[in-house]
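Participant: The primary structure of each chain is shown beneath.
Protein chains: 4
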Amino acid sequence: MALAYLVYPGAVHTRLHHALGAYHLMCNALIELKAKGVEITQEEEIAVKAAILLHDVGHGPFSHALEGHLIKGTHHEYLSLYMMQAMNEEFNGELDLAIEIFTNKHHKLFLHQLISGQIDVDRMDYLTRDSFFTGVSEGVIGYDRILKMLTVKDGKLMVEEKGIYSIEKFLVARRQMYWQVYLHKTVLSAEIMLINILKRAKSLAEDGDINVLIGGTIDYFLINFDGVVNKNMLDKFCKLDDIDIQFAIKQWSNHTDFVLKELCNRLLNRKLLKIKLQSEPFEQAIINEYIEEASKILGIDKELAAYFVLNGEADNTMYNTGNEKINILFKDGTFKDIVSIDNPLIHQTISAPIKKFYICSLR
Amino acid sequence: MALAYLVYPGAVHTRLHHALGAYHLMCNALIELKAKGVEITQEEEIAVKAAILLHDVGHGPFSHALEGHLIKGTHHEYLSLYMMQAMNEEFNGELDLAIEIFTNKHHKLFLHQLISGQIDVDRMDYLTRDSFFTGVSEGVIGYDRILKMLTVKDGKLMVEEKGIYSIEKFLVARRQMYWQVYLHKTVLSAEIMLINILKRAKSLAEDGDINVLIGGTIDYFLINFDGVVNKNMLDKFCKLDDIDIQFAIKQWSNHTDFVLKELCNRLLNRKLLKIKLQSEPFEQAIINEYIEEASKILGIDKELAAYFVLNGEADNTMYNTGNEKINILFKDGTFKDIVSIDNPLIHQTISAPIKKFYICSLR
Amino acid sequence: MALAYLVYPGAVHTRLHHALGAYHLMCNALIELKAKGVEITQEEEIAVKAAILLHDVGHGPFSHALEGHLIKGTHHEYLSLYMMQAMNEEFNGELDLAIEIFTNKHHKLFLHQLISGQIDVDRMDYLTRDSFFTGVSEGVIGYDRILKMLTVKDGKLMVEEKGIYSIEKFLVARRQMYWQVYLHKTVLSAEIMLINILKRAKSLAEDGDINVLIGGTIDYFLINFDGVVNKNMLDKFCKLDDIDIQFAIKQWSNHTDFVLKELCNRLLNRKLLKIKLQSEPFEQAIINEYIEEASKILGIDKELAAYFVLNGEADNTMYNTGNEKINILFKDGTFKDIVSIDNPLIHQTISAPIKKFYICSLR
Amino acid sequence: MALAYLVYPGAVHTRLHHALGAYHLMCNALIELKAKGVEITQEEEIAVKAAILLHDVGHGPFSHALEGHLIKGTHHEYLSLYMMQAMNEEFNGELDLAIEIFTNKHHKLFLHQLISGQIDVDRMDYLTRDSFFTGVSEGVIGYDRILKMLTVKDGKLMVEEKGIYSIEKFLVARRQMYWQVYLHKTVLSAEIMLINILKRAKSLAEDGDINVLIGGTIDYFLINFDGVVNKNMLDKFCKLDDIDIQFAIKQWSNHTDFVLKELCNRLLNRKLLKIKLQSEPFEQAIINEYIEEASKILGIDKELAAYFVLNGEADNTMYNTGNEKINILFKDGTFKDIVSIDNPLIHQTISAPIKKFYICSLR
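Residue numbers (our numbering), protein chains in the order written: chain A, -10 to 352; chain B, -10 to 352; chain C, -10 to 352; chain D, -10 to 352.
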């Protein structure tokens, strides 16, 4: 959960926990579906379990927070895929089917949907786990009941009619976790500062400042990486973890560049930028005003002051809730997309915009 | 939870648990408020604790399910009050202030609101407890966080602005508990049968059938009780509990009256009436059809068959959610009713009708 | 847990919960053993599951507390067996194998040991469940880990070497539950009073006092039952539950016999007899002194006063820990009885006498 | 919990959690004691809370595992004290009383005992927390009940008589946590490797190998630190955390020194040394044999091979259970040390040696 521990000290669980948890839920989901007569071969079972274990393997340090910033231009799902393919070569094709399912090319669509869909085991695990470790009880979902309500019709994953309240709860819980945890003001501010630290370090490195290098794997991503994913890059990527970033920040807190040093010290000592949220974008005039103010307070020119005034939009794209197609299967064998069902809470939860505009500054 | 254990076997917790739990939450609420500088005297503290311990003491056997059926014409809150007054006499007025608060005559309104309001400790306890014992995780609420968000302004209980998501969750959880637990189809059917059993027993008793009497306190309420609450009636009432009803049902399952015997045997052996729910009232023609059917199947005349065809509406009146006035206090000192705050989920939850029409029958 | 709720208000869980819980653990145990290559046929699996579901079906009202008092001369395990046999007739022999396992006549001994042995699923469930509902955390055991440590060697249930600490904990937890819960002073006193109530009622009934009869099934066991288990007796027994006893006590609290009335009123109003425990039997002189005292206080002759002075021994026979043979299987394939393993805690726990002498009285 | 996560993946909780948890238990303990009439002034309350918050502040990276190895010659409690003193200067003596209590110079001895004694809140928190995060249910203790049993007599902390089973359980739980978690074979092996990594790095640094330095604070402790605690040293120490060590290990896994590189790679890739435990010390002949073997396998001389053959004793000194004086207060006002009370389980638990000899090697 990247820097969420700054607000929720308990949120120190790891990606390994999540992978094991999602795997566990997948095992249970398969038991349920097979007990309902859905045909799943031994090979498919192993493949879909392998795929869920590996589904997040492409995440870099601080996962979503640094997505697209440290490893420019590649989404973690592509990196997961590259790594699965690399492993597949080593394993002589034993991951062929896992990759087929992961990339949604297998004809039994529900297997892919269990990994990546509106009610996949990935989400069920992270909502439950993040809710548990943050102590935010609003995120508690009835994952075991949802699993029991899953079924397959025409090759697609569906939810039995009587599971509709559990789905309602699932959607509400997810919405609440966005606002209370994932997009929490303080967490957002800290993660934005982290992004800016990386940005500044890269900028300095590009200008030839070798003092930015710390002697570890991160140096490669600061100066050498050109956006091309290849074997060498994957090797480096696998060696990179949160420790490299955290150590770099500790080192950079003594760097001679004022911007880098200041941002690192503020993050280490929890002197975070103030953040404001609103439903409309901030006007350029206001942003300029904030920059000017920062320029005066810190005694630096406006170009550099811009590192302390950050605006943007916080939305759910990083957790991808785009297409809320959840099919509800009725007792008579017909099914409907959940949005066409008469349930005001579900409509609102789905249509309510999960998007806000923020500005971070010294003010 | 009356007969909910027929669906959720774990739901065997007692009213004593609830009283102790609500008392516990009250203690915590008072600690919070006092720490925020709200003035609460030692006398008020004792009084409001006594009041919450006693708030449900007027509940009869099977509480909500038999409310208004066994003890005709008196709501449990009035009986609670009568009993508190009777105890007050014994205690030489030591409950004066508790009664003042319970009846909302004390000038510090928030004390009453903690006992009986939109976000009182009563509801916080029963939602948490019922959710726990049924295993319905959708009912989990963040009661400790809500307690920390409570505050008092102008003598009224309010919720701090940052507690709004917890309130949102609270409302959604309560809504889900209605549909998944309190108004669960099977539970509803069983409770309606229980009501009809009492109705039939009373009818037989009124017709002079002394075999309906079982030799215990319940006999008084079958034949003697005239709706007047007095000392004698309260004495009897205090001795009446679930055991009397359950024993009566066991006895009546051998009674000579077909209707009484059949209803009792069906309830004891979990052969419940089938139930249908819809959002519109059932038409009389349909009801008549069901009665005719029952008459044929059971070989009894239509008047008696009507005991097996029951229609009505299930709503939240028994849990009273009528007036959703929850005041949110903003940092600038102003406050607004929660319904005037821009939060689509809260609006929907509050305005969504919690009301359905049912028909129970042999079909 | 009979009357334990007088001390631990949460202890209101039912025998149904226990049966379902033990069944659940049995399912898990079978999955583990099969995964380790232990051969268990489909028939055996169904049979052992049926047997665990039914293993306690012969328990009467208030289970252990009234064992041997209400239903004279028959242990609940025999009644369970009679009922299984009666059901087996109805089911055309479908329970043949279940009964074979239950009575330890099946050649795969470990199946019986899972139902009734030193570390059977029965105990694992009741320790866990009773610990949960009483809130006595000392009784928490690692049942899931113990299940994973189970194995079979030479047809017998064994525990893998590395499970030894879990077994140590299991034995300590059970020991603690005896002293803190099952043999808790207040619980003991209440249960002894309950036994005496039944004894007095029977005595009166035998003397022809028809006012002792309450019109329900319990009457049969007060006057008619002659110790012979037959179809008629089983029919009656199945209809008898806690409600009959509880209703009888309420009725008898108004009876004309002083002893019966007094004992019932004391139990209903929680005015329990005082209890003393010691490791040596109480001397007859002391008992006589107590009886004399009771005789004076209550103004009744000594024969009747003896109903208020009860001495005896509290031990674990009702939970049967007699023969602690738990085999530990080592990696080299050899095994040893746990008592011959060098672990001081286990020795002490097993050899420590779980037996105390008590006297209940008015003092 | 240092490297315990290699066995128990969930054990990633932090020292901050422990400090907050122990603080929470201290708050509850004080409420209990004050409710029992124990006199505690406002100043003492603040002081003892400050002291428990700071009691572990002197722990370095990987706490117990590296105790005495990274920061030679100073125990963490002394460092905690130094840091409290340094803070006290900054705060103009506001920590005077906290330090007095922490160093056991305050006349109300029980305040110190709550921080550091046989049943202090420190242990109650870490047993509960470590049990929770590892999932080892054997470590569950009834901390809330123990807190309720605490009392003070003659200025000393005591346990009420009826709390004896909870204390029994506490001692058993602690014993089980040693063997199942703190001294788990695999954890022990990993932590010993970590110690040897530091030892090798220091040895290289002392021989002038500047490639061992990584540019961070750890360098100071590898080459400069002379065992003298002063302001400069404390400054460095405060900046040092697990990240520095973890980053160093990643860097050293590419170092040219075979021993350092090999140990780091083995730790990073979980190729741990094999470990054997026994109750007697290993003979020198066996140790030599193992070293010779390692020398051959790795192709290095025996002096270096000794880095891969480590023997020693694992005991509880790092958790200090030395003096088990727990006073039990009886209803008559007398008290006894728990070891003189007739309870075989407690005797055994206390007297059972928590000490084993280990040898780690390639074998």
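Take the hints with a grain of salt, since some may be wrong.
Heads up, the list lumps identical chains together, so a pair's fine if it works in one copy or across two of them.
When the alpha-carbon atoms are kept at most 30 Å apart in a straight line, the in silico DSS-like pairs for lysine-lysine are as follows [stated by the list, open to error]: (1) K265 to K239; (2) K137 to K228; (3) K291 to K325; (4) K137 to K220; (5) K320 to K265; (6) K291 to K260; (7) K265 to K151; (8) K25 to K94; (9) K225 to K344; (10) K97 to K145; (11) K151 to K228; (12) K61 to K345; (13) K97 to K188; (14) K344 to K314; (15) K320 to K225; (16) K191 to K94.
Because the hints were derived from the structure by calculation, they are not lab data.
Participant: Any hints from earlier that this structure breaks? Give me their numbers in increasing order, please.
Facilitator: 2, 3, 4, 9, 11, 13, 15, 16
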